[in-house]
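For reference, the chains in residue letters:
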Amino acid sequence: MWALIKKDLAVWIRSPAIMAVTLLPPLALLLVLALQAVAVTSEPVAVVNQDTGGRAAATLVQTAEAFDGFRTQLLSPQAAQAAFADLQVAAVLTIPRGFSADLAAGRRPALVWAVRNFNADSTNDLRRGLPDVVTSFLATGAAGADPIGITIREQDVHPHDVGLVAFQMVGMLAMLMLLAGLINAGLAAVKEWETGSVKELLISPVSPLSLIAGKVVAGVVAADIAGIVVTGVTIAAGLLTPPTLPQALIALAAMTLLATFGAGVGVALAAALRSADRMNPVAINASFYLFFLSGGVVALAYLPPWLRGIARVIPNTYAVAAFRQALLYGSTAGTATDLLWLAVAAAAGLLVGIPALRRGLAH
Amino acid sequence: MRAAWAIARNDLVQLLAQPVAAIVTIAVPINFLILFVLFAVGGGVVPVTVQTAGSSPATQAFVQALRDSSTFDVHPVSTAAQGAQAIAAQNSVAAITLPPDLGAPRSTVRVTIDNLNSDFADDIRRGLPLAVTQFYRAALPVQWREVDSYPTTASFLGFIAVSIQTVALLIGGLLQGGLGVAREWESGTIKELLLAPVPGWSVVVGKLLAAFLGALAGALLVLVALLLLGVRPTAWAEYAGVLVLVLLVFASIGVGLGSALRTRQTVFPLAFGAGLPLFFISGPFGAITWGTPAAAWVARIFPVVYANAAFQHAAYGIWTLDTSVGASWGILAAWTFVGLLAGVGLYRRATAAR
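Keeping their order, the protein sequence lines are chains R and E.
Quick note on the numbering used here: the first sequence kicks off at 53 and runs consecutively.
Quick note on the numbering used here: the second sequence kicks off at 21 and runs consecutively.
Hints are not guaranteed to be accurate.
[Stated by the list, open to error] If we take Cβ atoms under 10 Å as the criterion, some of the chain E residues that face chain R in the derived model are:
#1 G64
#2 S90
#3 Q110
#4 W310
#5 A370
Hints listed in this document are in silico derivations from the structure and should not be mistaken for laboratory results.
For each residue, glycine too, the CB sits at the ideal point set by N, CA and C.
Let the hints inform the model, and build the full structure from the sequences given.
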């Protein structure tokens, strides 16, 4: 069996095409997520201050510039209009003439908030942003006594926020592990049919079980190598903080169990499809759909109840939960349960894959 | 032309004879559509529990302000424990507790946030001040008046989903064009095509036609999916025009790629590796000018950004690019010409070398 594992791993290392098929889809998605994260973090906004001498107006400008939800630039009315028309800014906040004097006289001046309402997401971000700026402005006392009596006291579940890309990255890591398990074990098995070497294996004095175990173990080891490399690159890029040893071991256990599930399903697919041309697209699409059905890049709470129900029976969900705790939040809470469910899934994958490949070899 | 049609028909028959490959080519844009649905879900309303102490007018007004904030999906609970349980069970991402003296000076609204990431948590942190200012709106010394550029705002899902049409054309055109030609080299049948008593141009036209029709099937499937999602183009002629032009561009480039690379194994990753990043810097989520300047500069070189803008224009009547409508159509037409030239040129160069 050891010889079979060594041989399959050697083939994997020398096959750039297999590596590309394994790594390209998750890396392409990661790039997508990074680009999308840039699009949703902050929007360019112009501020026009027509009350140039007013102190309250100057404070409002400072408050808007300090708000991290906007990339604010103070422009003249003409420049702001041109920037808005030319799509250089998403919105223009105009502070009217006499704003400070009106405030002092209790005349309740109105700001004008011109918004480029392309879609509900970016528009709602802008709609949420201005009240935040106004609340902070009122809290400075520049508009007199702050009428807002409510204070908000926030308590966070996790010790710190993590970035959107890092959060989405762990979802991608689960997809990568599943895909790598599927592809590596599946292609190693398919190759025996494509090259005709299946005959030699069948007449060799190796038991079919050792043969299948060799394929599965080689697939899982190759997947683990890919997972460790991608995680290492992510840590080196500063997206993730280096985990402690227990956290790293939990992440590695989750990777291995998910890849084992993938390898089990992969050898079953190989027995059914017997061609790399068919195996690759089926494996890529299967891992995509399991990724989507487990929530992919969002938290389960955002999903509709029916999809949450489906997500709870997909192994990716538990791998993502374990990765988040170990790699993002520096915690081990709930990871024992996650690993238990992943072990059940891995066993189920092997129970499906081993008999299927045995039957395939027998025919 | 009969020879071209025969070659195209043969390619389409081969495509249908390999249903898995055909389905995958068609399924790729659908996969991205599903991914976009998840983006839209993540960027949508935030599920929160709200625990109220009584039902005073102030409490009711504040809960209504939360509901009107376009931020929260409010689920009332009667105890703080139920709120915490909803977070633990991943049914909500925040638990808001309203005090009995809500609205009185120095009353405190408590919020426990499952701060999974900064983006999700900031939606809650910014949604609450919106609700608070809405609650106090009549008493605020400062008012504001929103002036929208368009009478209606497209949903986030509707907006980003339209761009999937471009993915279908980009990936479909490159793959169908590239794989169709590369297959001839891999199987050695390119020799037979070259020796056949048909004019050379008819082979290129046949390949282009097959790629165009094959990718068109995928593009139409995506259009059906968009219609099912509720997207209703307001300018069908514009929609069809940009679809045909962009498909011609990428089918031609695909034929050129297949001729240059000659193996399906290299065409496949190149189509994805080059196509998808290009698509995602080309404004599927909003105006490219609101993002990174370097990405916007690169995006302007290629036709994808103009295709995205034209599809948004045809679907919603909005123009998301700082290049004018007329100039963008001119660039798309120029790209069609360049694509055809590149496809034919690369094919002729590859076959002349034999």
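Hint-by-hint comparison with the structure:
no.: 1; hint: G64; in the structure: holds (7 Å)
no.: 2; hint: S90; in the structure: holds (5 Å)
no.: 3; hint: Q110; in the structure: holds (4 Å)
no.: 4; hint: W310; in the structure: holds (6 Å)
no.: 5; hint: A370; in the structure: violated (22 Å)
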